[in-house]
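**Student:** Here the protein sequences come in this chain order: A and B.
With the first letter of the first sequence counted as 1, position 721 gets the number 721 in the numbering used here; the numbers rise by one all the way through.
With the first letter of the second sequence counted as 1, position 19 gets the number 19 in the numbering used here; the numbers rise by one all the way through.
Keep in mind that the hints were calculated from the coordinates and are not lab data.
Glycine included, each C-beta is placed from N, C-alpha and C at the ideal position.
Check each hint, because a few of them may be wrong.
Listed next, the in silico BS3-like pairs over lysine-lysine satisfying Cα-Cα at most 30 angstroms (straight line) [stated by the list, open to error]:
{"hint": "1", "chain 1": "B", "residue 1": "Lys242", "chain 2": "A", "residue 2": "Lys83"}
{"hint": "2", "chain 1": "A", "residue 1": "Lys942", "chain 2": "B", "residue 2": "Lys267"}
{"hint": "3", "chain 1": "A", "residue 1": "Lys111", "chain 2": "A", "residue 2": "Lys940"}
{"hint": "4", "chain 1": "A", "residue 1": "Lys272", "chain 2": "A", "residue 2": "Lys724"}
{"hint": "5", "chain 1": "B", "residue 1": "Lys332", "chain 2": "A", "residue 2": "Lys942"}
{"hint": "6", "chain 1": "B", "residue 1": "Lys384", "chain 2": "A", "residue 2": "Lys942"}
Just a few of them, taken from the derived set where beta-carbon distance is under 10 angstroms, the chain B residues facing chain A [unchecked claim]:
{"hint": "7", "residue": "Ala202"}
{"hint": "8", "residue": "Gly266"}
{"hint": "9", "residue": "Ala316"}
{"hint": "10", "residue": "Ser321"}
{"hint": "11", "residue": "Lys399"}
Label pairs and their computed distance ranges (CB to CB) [said to hold, decoys possible]:
{"hint": "12", "chain 1": "A", "residue 1": "Pro849", "chain 2": "B", "residue 2": "Ala214", "range": "31 to 39 angstroms"}
{"hint": "13", "chain 1": "A", "residue 1": "Lys977", "chain 2": "B", "residue 2": "Ala370", "range": "20 to 28 angstroms"}
{"hint": "14", "chain 1": "B", "residue 1": "Asn300", "chain 2": "A", "residue 2": "Thr77", "range": "17 to 25 angstroms"}
{"hint": "15", "chain 1": "A", "residue 1": "Lys977", "chain 2": "B", "residue 2": "Lys340", "range": "52 to 60 angstroms"}
The chain contents come next:
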Amino acid sequence: MENSNKRYWKGIEELTNEPSFVKNIHNEFGNMPSENDAKGEALVDGSGTHRRDFLKMLGFGVAAVSLAACEAPVKNTIPYLNKPEDVEPTIANWYASTYTDGGDYASILVKTREGRPIKIEGNTLSSVSKGALSGRAHASVLSLYDNEKLKGPQAAGKATDWKQLDAEFTAKLAAVAAKGGQIRIVSNTLLSPTTKKVIADFAAKYPTTQHISYDANPAYGLSAAHAGIIPSIDFSKAKTIVSVGADFLGSWIAPSEFSSQWAVTRRVSSEKGGKKDMSRHYQFETIMSMTGANADYRATYKPSQEGLVAVALYNAVAKLTGAAGIAGAAVKVEHLDKAAKDLVASKGASIIVAGSNDPEVQKIVAATNALVGAYGSTLNTAIPMNYRQGNDMAMANFIKEAGAGKIGAVIFYNANPVYNHPMGAALATALPKVEVSLATNERADETASLCQFIAPDSHFLESWNDAEPKAGFYSLTQPTISTIFKTRQAQSSFLTWAGLSGDFAAYLESNWENNILKGGKVAWNNALHNGVFEPNAGTVSASSPSVDINAAAAAIAKAYSATSTGLEITVYEKVGLGTGSQANNPWLQEFPEPVSKACWDNYAAISQPTATELKLKQGDLVKVSAKGYEVTLPILVQPGQAQGTIAIAIGYGRTKAGKSADGVGVNAYPFISEINGACVGTCTQGVSVTSTGETKDIAQTQTHQTVMARQAVVQETVLAEFAKNPLAGSYKPRVKTSEGEKDATDLSLWNGHEYNNHAWGMVIDLNTCTGCSACVISCSAENNVPVVGRQEVINRREMHWMRIDRYYSSDAEVEDLKGLEIASDNPEVVFQPMLCQHCNNAPCETVCPVLATTHSTEGLNQMTYNRCIGTRYCANNCPYKVRRFNWFRYFQTDDFDFHFNNDLGRMVINPDVTVRSRGVMEKCSMCVQRIQEGKLTAKKEKRRPVDGEIQVACAQSCPTNAITFGDMNDPASEISKLLLVEQEGRAYHVIEEINVKPNISYLKKVRNKDAKKA
Amino acid sequence: MFCKKSTLVKSLLSFAILFASVSATFAQDAAEGETLFKNNCAACHNTSDEVLVGPGLKGVSERRPIEWIVKWVHNPQAVIASGDKYANDLYNKFNKAAMTPYPNFTEPQIKSIIAYIDAANVAPAAPAAGAAPAAGTAAPAAQSSGGMLEVLLVGLLIIMVIVLIALLSIVSTLSKITTAGEGSIEAPLLQRLAENAKALAANSAVKTGILVLALLLGGKATIDAAYGVGIHQGYAPEQPIKFSHKLHAGQYQINCNYCHTGVYAGKGANVPSANICMNCHNAIKRESPEIQKIYNAIENNEPIQWVRVHNLPDLAYFNHSQHTNVGGLECKNCHGEIEKMEVVEQRSSLTMGWCIDCHRETDVNSKGNAYYDKLVEVHNKDSKTPLKVQNIGGLECSKCHY
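Using the sequences provided together with the hints, build the complete structure.
**Tutor:** Structure, rendered in structure tokens:
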């Protein structure tokens, strides 16, 4: 507390000192299982072993050891018969490819070992994604090895072969076509120009074919306001960013790309004459989104006011620019006028984005953007973004037609509208009326299981494909493994059904050579090598769409109300799980949501005052109903959410996705309403919440691993003060000694270490860390971090080596002790990545009785699993609580059914990292396997490693480059330069007062807020 | 893929052998030539006049002009097609089996191969042994420590026997004195011995002594056995195909890297794939039943299940290239004299103690490697001994365990 004039807290239970919190605060790994045994929830554990069992085990163990000693099992080594020239066992190959999932896009590099993809990283050659990847893209490699995908084509629910399926399906299709029956191909956004050409070829053969695309979380309103296109957005040019409900850093359209642009404007330097200005970010929203958590100024509104907020913002801007205002009921939203003032002041470098899918709201926003000169700078209509092409009206129309029996045949091309469309239930009842139905979905999911045929598409890592994320920016997907199951990529299927050659690889190459590259084999090979081809670099258009704002305002006046008193539902997309397409991915299920820190569930999030009003508390199971649809959910109290609203995440409540997804949470898609012809994620009428009287724990990691009562954890300041003095808000701990007061870091019991070779270190910039947690998944993939499941997370035993601590701060004055106990309605938020700090005076090293954790000559705190006997003394003594204990054998036990208990799932394991067994401690190793590999490469080439050549998984995956890793002994390295500049500025160590001298430094957070009036 | 650095040690060795008879530049050529020859030509050609798959190459530089050889190596088919008489005769002589073209070889490279062939015929190929890098001492050291223990035990045994004899003689003298006092007749020797033995057996000190000794020996045997668990030194399993390293690596001197393609490049040395066998055996000894097994494997698309000889536990990370390529170690440092093994066996214990011993004693191969320059400089400031692996963190846990 002494370091700051603020008080930080991670959860309301901490703030109010709830008994459960107080009991667990000193209990890092949760309760002994006996307590959970009573609930029947605990898994078997050592402490429950009885004496007889122990003797049995002992006897068996002795017998087993003596048997093992007699003869070692014969191990075989099986080489290739015909080794491909470019595959060398134990040496990784990297291939440039493209990740697409619906409209989500990233240009990627795929690391393969012995022919199997094991890790995905960003491709920095792409000027679109710039090497940024979302957690979902990182996790998609695990989805490749999902054993619950279809193993081959199916007809009428029975396995068939491709030849038969092709024959039967084309016969039926031809019959429909002969009658002139309507044929529909339903897909999510297709980024691939060549796939669209394939569909056109298919439509040429069956002329009644129409392609309908929709998106689970659509941006139809935005494209409707821009005459069918979405202009490309560039936050990096913005000085003022205003978001009306758009979670653009977390889940809106292309969050990773936007994050890297946003970070450019948020980076500051303590250097004399260094960059001391940053963009100002205003967020108006209903939920506490990750983007809102990163905003400088934030205010809330109810979903029923959303359109009017846009109108009010337009009017405020219009007033300042002298344009005519429009009619609209007044809504009171804090900071709105201030935002308008800043927008106008930074004209030409301002941007307003809105998350609403209502075309009328987007029209008003487009008009506001035109007023502040956004088009031509932050918005560019000359290069449209293709990420969301869904047409809500066409999709709704299709479902109505299907219900009326007007559709002859339908092909669901990797689309699951029965689950992820608000009218899914209607479609489910309509499907039997369609004569011929086929799905290319990878599994027999909610939609595919209702179709007559399933022709499973291959995973994107097994396929050829291309993408055009923005007009003129092309990207290629190449297979990095041959198909695991008897799947066939959908494009080949379409071509086969159209009576053409099913060789899509050749089709793709010829289309590229003739229409995209306009070059021969060399150009093709180059594009394939680079993964991207970007002939359209620089056209900018300042033209803004012409919209009838008065008509829009009139439509808004009808659909929205300034003074709604009832409860309202807002439906949102989570940063981790997204729309639920990868719901059967355990990495994503166990991904702690950046703001709520909850995993393995969705929940009804409400604000504290609303909870009090409804007499509900965290964990109460309630029935939420609206529009004749009812779900049962636990309550999660979310600081910062708008009063009178309930927020429910989509992506959950799958019923036919697989073991990890089925029955986890509830489906929130049916709550989505139709407003002005588009699917808008709100429900403002007739919402009721009733308590069931039961409770359900939410697996929430927010107050796990607290740093006890130590407070010098987060440091922050505001820009105005930082510009004057880089040390503003910094805290240098001092201690009193017999020789007077000294810096805490000047006193030490230890002699320290000398690093002659390398000194690895890391700097984490709290200013650019958005909390997106892509690093968490990247780390898990790189380091074989196991998934433990919902109950074990509740037992406080999650295994993530890297956690993103989210701190709320109270706005009450520090002296106001009473005020501090009340959770703030709209708290400020800080995200802090926390991992092993690799201390130079490491408290863990001194307490290990078997020297299993030691210090290296390169500054790493080493953890030796084969030496560890599991006393957990080190974890006890770790001030940062970053050590994790293997309570179970997570990789071979069927109790942990998260892909790692079968051979297929285990194919994702990184062979260079030991799979830890039960009973040992583990923690961040600073990707020592990558350090060793990088050093070896340098040694082989007889040189020193070059800065940037060795990258740890988290730093590599950070979309905003908030993490800088490198050799602090190398004066030319980025980290050395950064520390040199920030040493007398923003750099600090967490809990510096205990002087453990970490090798990880943090850079103080700077908010672009006005200085407090003294 | 082959790596020139990889054979640095070997090259230096041939350099030393050849230095006496030929000029330095010539030897360097021959050294390069040796690498090239062993990696590319040795599968089909001998340096002597012995026919392997193709003709023996002894005196080839005299038989044909260099221009012709270059043309031939770059594209034999073209030379044959050009109607060259010598080429066509050769082609027909070897049953119309054309040589693999090597269009990437430069003329100096081809010349260096010829230089090597000539040099090999001047000084008959000396066995590559004799290079005794510092690391070579590791294995003998381990063995000698075992030997010391045995010597110690035998010594102790001898001392104990002497003590026993001394004690017995004292006992007999004492009993002699006592019986002499009583004036009885001396009992026969056998009876006396039996009585002594009885007395000895009744003595509790002796009993305890024997018990303690038995316990100690038993304990040692148990500990030795326990230490032996998981150590498979001398393990030489029968392989599905009776491949002889003695023949391939010993007699024909095929470079290890020719088959074990990863040994200088990656973590694993790699057991060769069947297509590498086929590089030669599509022509050589096709009728052999053992080689037929390879054909069968390829025809039936069933990979050959070799038995793994060297098994490191998964918790230990070992990288071949670090040791061979960077460290400059010979394969035999750890694997023993593979070229003399009919069936490969595990020569070293592969225990952590064995690794550590070597890391303690081995000098870092830092010469000419800029990675180590600063480290050597810092080390030499306050030390006179050369930089050892242990001085740069070679004993740290996370060098092998992560």
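**Student:** Next step is simple, just say for each hint if it's right about the structure.
**Tutor:** Evaluated hints:
no., hint, result
1, Lys242/B to Lys83/A, "21 angstroms, holds"
2, Lys942/A to Lys267/B, "18 angstroms, holds"
3, Lys111/A to Lys940/A, "21 angstroms, holds"
4, Lys272/A to Lys724/A, "11 angstroms, holds"
5, Lys332/B to Lys942/A, "24 angstroms, holds"
6, Lys384/B to Lys942/A, "24 angstroms, holds"
7, Ala202, "38 angstroms, violated"
8, Gly266, "4 angstroms, holds"
9, Ala316, "8 angstroms, holds"
10, Ser321, "6 angstroms, holds"
11, Lys399, "7 angstroms, holds"
12, Pro849/A to Ala214/B: 31 to 39 angstroms, "34 angstroms, holds"
13, Lys977/A to Ala370/B: 20 to 28 angstroms, "22 angstroms, holds"
14, Asn300/B to Thr77/A: 17 to 25 angstroms, "19 angstroms, holds"
15, Lys977/A to Lys340/B: 52 to 60 angstroms, "56 angstroms, holds"
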